[in-house]
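Enquirer: Sequence:
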Amino acid sequence: MNTPSSNGLTVLVLAGTRPGVPDPMAVAAGVSHKAILPVGGTPMILRVITALQATPAVGRIAVCIDNPSVLKGIVPAGIDILPSRPEGPSASVLAGLTQFGTPLLVTTADNALLRPEWITEFLEKCDPRSDVAAAVAPEVTVLRDVPVTKRTFIRLSDLAFSGCNLFLFRTPAAVNVAALWLRVEKNRKHPLRIAWLLGPFVLLKAVLKKLSRADLCSRITKMTGAKAELICLSDGRAAVDVDKPADLVLTEKLLAAEAST
Numbered sequence: 001m002n003t004p005s006s007n008g009l010t011v012l013v014l015a016g017t018r019p020g021v022p023d024p025m026a027v028a029a030g031v032s033h034k035a036i037l038p039v040g041g042t043p044m045i046l047r048v049i050t051a052l053q054a055t056p057a058v059g060r061i062a063v064c065i066d067n068p069s070v071l072k073g074i075v076p077a078g079i080d081i082l083p084s085r086p087e088g089p090s091a092s093v094l095a096g097l098t099q100f101g102t103p104l105l106v107t108t109a110d111n112a113l114l115r116p117e118w119i120t121e122f123l124e125k126c127d128p129r130s131d132v133a134a135a136v137a138p139e140v141t142v143l144r145d146v147p148v149t150k151r152t153f154i155r156l157s158d159l160a161f162s163g164c165n166l167f168l169f170r171t172p173a174a175v176n177v178a179a180l181w182l183r184v185e186k187n188r189k190h191p192l193r194i195a196w197l198l199g200p201f202v203l204l205k206a207v208l209k210k211l212s213r214a215d216l217c218s219r220i221t222k223m224t225g226a227k228a229e230l231i232c233l234s235d236g237r238a239a240v241d242v243d244k245p246a247d248l249v250l251t252e253k254l255l256a257a258e259a260s261t
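Going by full-length UniProt numbering, the residue at position 200 of the sequence shown is 200; the numbering climbs one at a time, nothing skipped.
Treat the hints as calculated values from the structure; they're not laboratory data.
Incorrect hints may appear among the rest.
[Claimed, not checked] Quick list of in silico lysine to any residue cross-link-like pairs, SDA-like style, CA-CA up to 25 Å:
{"hint": "1", "residue 1": "Lys186", "residue 2": "Asn67"}
{"hint": "2", "residue 1": "Lys227", "residue 2": "Leu180"}
{"hint": "3", "residue 1": "Lys253", "residue 2": "Ala28"}
{"hint": "4", "residue 1": "Lys150", "residue 2": "Thr42"}
Please build the complete structure, drawing on both the sequences and the hints.
Expert: Put into structure tokens, the structure is as follows:
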């Protein structure tokens, strides 16, 4: 394992749950938080931390969770703990940006397949002129590498992709993107409000399947002042997280297949 650099990139791992909303995956597994759900016998959060610790560019690692006591005996020494915000992940990211500043790499505890090479590829592909970046896996890549998976794909005119739960808030301007995310999240139960927030012309283009990757990033820049980009990863497995029972089965199969090679 590589020793994380003391002056390397700070990473925030989102591991909290919404107050009063038990995660069905955690309930089914008999644990309090999905983050500690065993995947192949190892708590998910530990798999994520191990991958981060093996990434040369990573330095400080912080876990954002509502009840730190559940991590006792699971998370290794040297990992910072940040209380998660009850408003949701976007508010927790904003809190992380306030405490740690930028650049800040953000991922999630259910990113159980996370690999150091995916993180390295993501960071190397990021444009140094960008303020914020999100890792995605193109549909064709996901179907090539994980043909049995059922993922949600966002369809633009020039790219169909699934998110990889990996974000880089590279500069202070990226805080504005996290603030926009918070506004969207607050209206998550009101699609029309979100559509109005993003703008009617953007919505119309999306409905007509004429919204391009450049259009989407340009709209984010216009709304936040931050230059945004989508980074396509070369391994379709990067789009697989543990969000439902079928994902857990698939993830364990992929881990077993990797271990046997």
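Enquirer: If a hint holds in the structure, say so; if it doesn't, say that too.
Expert: Comparing the hints with the structure gives:
1. Lys186 <-> Asn67: Answer holds: Lys186 to Asn67 is near 22 Å, not above 25 Å.
2. Lys227 <-> Leu180: 13 Å, holds
3. Lys253 <-> Ala28: 19 Å, holds
4. Lys150 <-> Thr42: 24 Å, holds
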